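Peer 1: Protein sequence lines, in the order shown, are assigned to chains A, B and C.
Yeah, the first sequence ends on 407 if you go by the working numbering, and it's all consecutive.
Yeah, the second sequence ends on 734 if you go by the working numbering, and it's all consecutive.
Yeah, the third sequence ends on 1023 if you go by the working numbering, and it's all consecutive.
Hints in this document: simulated from the structure, not taken from any laboratory.
Computed from a predicted structure; not experimentally measured.
One should not assume that every hint holds.
Stretches of chain B that chain A covers, calculated by requiring three or more beta carbons in the stretch to come under 8 angstroms of a beta carbon on chain A [stated by the list, open to error]:
(1) 558-569
(2) 639-646
Non-contacting residues of chain C with respect to chain A, defined by C-beta distances greater than 12 angstroms in every case (computed) [what the hints assert, rightly or not]:
(3) 792
(4) 829
(5) 862
(6) 881
(7) 1015
Ranges of calculated distance between the beta carbons of each label pair, as one might list FRET restraints [to be verified]:
(8) B/543 - C/898: 55 to 61 angstroms
(9) B/566 - A/383: 55 to 61 angstroms
(10) A/363 - C/736: 21 to 27 angstroms
(11) B/490 - A/76: 30 to 36 angstroms
(12) B/490 - A/400: 53 to 59 angstroms
(13) A/146 - C/737: 33 to 39 angstroms
(14) C/787 - A/356: 39 to 45 angstroms
(15) A/162 - C/863: 51 to 57 angstroms
(16) A/178 - C/864: 51 to 57 angstroms
(17) A/174 - B/543: 38 to 44 angstroms
(18) A/76 - C/813: 28 to 34 angstroms
(19) B/566 - A/173: 55 to 61 angstroms
(20) B/556 - A/299: 40 to 46 angstroms
In this text, a Cβ means the ideal position worked out from N, Cα and C, and glycines have one as well.
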Amino acid sequence: MTYTINRRSLLKASGALVLTSTLATPSILRAQTPTVKIGVLEPLTGNLAYNGNQCAAGAKFAAEAINAAGGIKSMGGAQVELVVVDAESRPEVAAAAVDTLVEAGVCAFTGASASALGLASSQAAAKYDLAQVFSVGTAEAIVERGLPNVFRFTPGVKKITAVALENLGLLNSAAGNPVKTAAIVHEDGPFGSQLAGIVEAELPKLGITIVEKIAHPTPHRDFNNIALRVKASKADILMPTNYLNEYTLMTRALQQQRVDLKAIYSILGGAASNIKFVRENNDIAQYVIDCNHWYDPNKEASKALTASVAAAGLDMTYDVMVAYAAIQVVADALERGASADRKAMIEALAASDFDGSIMPYGPTKFVNGDNVNSRPVNLQVRGDKIEVIFPKEYATIEAVFPRPNQG
Amino acid sequence: MIKPQSLGQVALIGLTTAYLLAVYFLPSQVWMGFTINALAMAIVALSWNVTGGFGGLSSFGHAAMYGTGAYASAVLQVQFGVNAWVSFGAGILAGAAMGAFIGALSFRYGLKGSYFALVTLAFAEVLRICASAFEITGAGRGLQLTLEPGLATLQFNNDRTLTYTLLLITVAIVMGLTTWMKYSRFGAHLVAVRENEDAARALGIDTYRVKVTAMAISGAFGGLAGAIYLQLWLFIDSTVVYGVSISVIALIGPIIGGAGTVWGPLVGTLGLHLLGEGAKTLLHDAPGLNFVLYAVVLIAALRFLPQGLMGLAGRIGTFRRKGGDDA
Amino acid sequence: MSSLILPAMLNGLTMGAVYALIALGLTLIYGVLHIINFAHGSLLMLGLYAAYFLYHFFGLDPYLAIIVVVPAFFVLGYVLQRGIIAPMSAGSEQNVLLVTLALALAIDNLALYFWTSNTRTVDIAYAYDTVEVLGAYLTLGRVIAFGAALAVAALMWLFMTRTRTGAAIRAVAIEKRGAEIVGIDVGHTYAICFGIGTACVALAACLLLPTFYVTPQVGYTFVLVAFTTVVMGGMGSLPGALAAGLLLGVIEAVGGLFLGESLGQIGIFLAFILTLLFKPSGLLGRRAV
């Protein structure tokens, strides 16, 4: 049997081989100084890139603050080193990323912006007894799987909705019950749908009838139809649940179609607690109320964070806050357990009663992975600021409800 | 697989097999995790290859079959409590049915080339929107399987090595079936239709039937891949399983690896995954740039490897023999 | 609900005008080069960023930015086709598609890396004024886009039918080899065509920015609808793209009204499938494949 070797093809092939083999070694980080590693798994690319990058920034600010204050003192002042991995907005990548984190020697990790990503990553992490402290993970399925390595620090959809509705009831009765009907607009993905379902079931108990419920995809190009339907329904208030860009387009469309509303009361509204929305669409943002994750603006650490974020030229969004807090929770567990061993971390987190985070929560208490003392905060846009209106002990301003007539 | 064309192809196949076996022994778990993902995607690539490679019918909507397999299995398990194994089988059948349906409709109206490609994309989008709108498929919330590892529930997540082995076996079976198909009379007809449909018809081949059958087979493999995804990650929603990225992944592996060859999809998908991981490692401080590197290498591969990796390998150390085949 | 149909349809028409503008460039590129240009959405995104940065750094109104952006993008398109797409695809049609796909991936991620995922908007107050037509409130910015779509389609049609370059492009589209024989530089003509297509989408971007936003992923929001528009109008048919765009805008609006915004999107894709099955040459196209 004779064979020919074409030199050009061989060269091409060897080139490809060399290239691939040098590229394909997964990096294994080796510690050089006494450090303790915390993983941060967020979607830094893909359609969730905005939230993911904000969260990653929040985590970085937290690590910096902790290190500046002396690191983990019970471990000899060990400096916190973050291992940031991109989940690419895809669940299977999030799951595979857990291997990388374990390989890098993290004691625990935070993440992952979207419930679909967090579900996959925590499941993969369970095999390694690696704790995941959720910065954001509103789907209740996250804490309903009985996984011991799951620690959701922030509230889930059920609690957020319950608090939001309770506060809506308070606002409404304080104003003499002007609101009798509501229209719900929500994004049709996991978080929007679950939330809208709960609101639909619970709102009538407040004496408010739902006259319109509209789902829309993310992204969505045009909100005129939705504005027209809301207008035709003659709803007293609008209750939106969606992401930043859609929220902005929606509010704009409502203004253009001259939709008369007594209030916009959003739950996990995408733009309502985003200072960028307030800055760039100030006229339509006035008096918009949101129930969302938010920090306690009075704490020292909160003020320092606000300053750092402003200095970095970023927007202070809830993602930054919750991600910061999640790192604080992990650091506290390290401090108490004095060990970076993964199992020890799970024990330390399970027993956590940390109340020093920037969130307005009081002492932490994880029951089946859910922090039962967490709670959302009600915010209102006033002027060019986002003010806290509930809970009363953190309020920075008195709520205005219903809003004054749009001129 | 049975008759490699050249020394180069033997080497490439050998290298791939060696890597897949080496994963068992490599000290870092990262390799196994990422190869599991790559293998799961290789099955979609193999499914695309049946119609796109052997049949010359490039589809941009393979997610339609993949997602249907995943959702069929998920709906049965979550909404009706059906046994996981039965649901898994149903997923494969559902994928086949969807493939046959799309094929029957498209070919009935004589679609081919880019028109066929686009119509498959449209079908995938329609399915994506429907899955996200109707309650039975969990609407926007998606469907979540209860986490209970075990044989009965077809969940092996807590045993990574077992999962990997099962995937290897599945990929081997699908490749075996592809080879069998390739050397069967049906396979010959399919290639004849690809090369010249009119001539094939003149020879008495029922080209419509051949194409629809190919879509059904392709759909079965696609549905298999989707059902596997569900058992691996336990959560699906319409964007994850019916999204355009699945359709892109389905076609990129075979084209880079060598469309119309048995090993092409596996080699291509693995190679691309390695490339992606490598780019991420090199550029881990700059998220996004890794995709740019990936894209650049992809463009280079498209330019310099028109027959894919298997084609390139085929030109190294060609065995001179009468009437050789591709592997 | 019935009282909403007319306003919905009118709004749909203005949205459809945007689809038409984006599709005009795409249909030209397909009709002549037979390339399904997956990078079209990314080029739209680049156009939006270009208009945004001109506004951000120089205070230039996006409508005025057209004067700068459109010619610049013509050059960009020419260079992309001549410099990357043509040499990299080496003639294979399937490869061309993948090359544009890879290009889209590269452009989107470069944008993500350099400009981050923060949403950018421009504050052009008058773009959000409303114009009252038949009892419906239409966004001024969109109405301007509607007028522009009609004008651009007409201009492009005139260019294609009345100028020498247009004739050359049409010749190449119909019979490449014949065109080569009569001395037309095919490579150059292809690149000009791609350039025009890119300039067109840049124009669409400038008209879209005042009433929309830009992120690195914004291209995906429009690319599938753009493809649908091209196919429905007939690949290569300029008046077809215009008509199909407007029609799709209306279908989307009415579908959304009756089926909900999520399920309503199905209208677009069902229309796509039906066109491909029953009239693949499109509403106004002539050839089947």
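Peer 1: Next, verify each hint and record whether it holds.
Peer 2: How the hints compare with the structure:
Here the region 558-569 of chain B counts 3 residues with a CB under 8 angstroms from a CB of chain A, which clears the bar of 3, and the coverage holds. For the region 639-646 of chain B, the stated coverage by chain A is satisfied: 6 residues place a CB nearer than 8 angstroms to a CB of that chain, which reaches the threshold of 3. No beta-carbon of chain A comes within 12 angstroms of the beta-carbon of residue 792 of chain C; the shortest separation is about 19 angstroms. Taking the minimum C-beta to C-beta distance to chain A, about 17 angstroms, the non-interface status of residue 829 of chain C holds against the 12 angstroms cut.
Here residue 862 of chain C does not stay apart from chain A, with its beta-carbon only about 7 angstroms from theirs, under the 12 angstroms limit. Annotated as non-interface, residue 881 of chain C keeps its C-beta farther than 12 angstroms from every C-beta of chain A; the closest such distance is 18 angstroms. Every beta carbon of chain A lies more than 12 angstroms from that of residue 1015 of chain C, the smallest distance being close to 27 angstroms; the non-interface claim holds. The beta-carbon spacing between residue 543 of chain B and residue 898 of chain C, approximately 60 angstroms, falls within the hinted interval of 55 to 61 angstroms.
With their beta carbons about 58 angstroms apart, residue 566 of chain B and residue 383 of chain A fall inside the hinted range of 55 to 61 angstroms. Range check, residue 363 of chain A to residue 736 of chain C: about 57 angstroms between beta-carbon atoms, so the 21 to 27 angstroms window is missed. At roughly 54 angstroms, the beta carbons of residue 490 of chain B and residue 76 of chain A sit outside the given window of 30 to 36 angstroms. At roughly 57 angstroms, the beta carbons of residue 490 of chain B and residue 400 of chain A sit within the given window of 53 to 59 angstroms.
Between residue 146 of chain A and residue 737 of chain C the Cβ separation comes to about 52 angstroms, which falls outside the hinted range of 33 to 39 angstroms. Taking the beta carbon of each, residue 787 of chain C and residue 356 of chain A are about 43 angstroms apart, inside 39 to 45 angstroms as hinted. A C-beta distance of roughly 41 angstroms is found between residue 162 of chain A and residue 863 of chain C, which places it outside the suggested range of 51 to 57 angstroms. Separated by about 27 angstroms at the C-beta atoms, residue 178 of chain A and residue 864 of chain C break the suggested range of 51 to 57 angstroms.
Range check, residue 174 of chain A to residue 543 of chain B: about 42 angstroms between beta-carbon atoms, so the 38 to 44 angstroms window is met. Take residue 76 of chain A and residue 813 of chain C: their Cβ atoms lie about 58 angstroms apart, and the range 28 to 34 angstroms is violated. With their beta carbons about 56 angstroms apart, residue 566 of chain B and residue 173 of chain A fall inside the hinted range of 55 to 61 angstroms. Under the hint 40 to 46 angstroms, the C-beta atoms of residue 556 of chain B and residue 299 of chain A, about 42 angstroms apart, fit the expected range.
Taken one by one, the earlier hints fail for this structure at numbers 5, 10, 11, 13, 15, 16 and 18, listed in ascending order.
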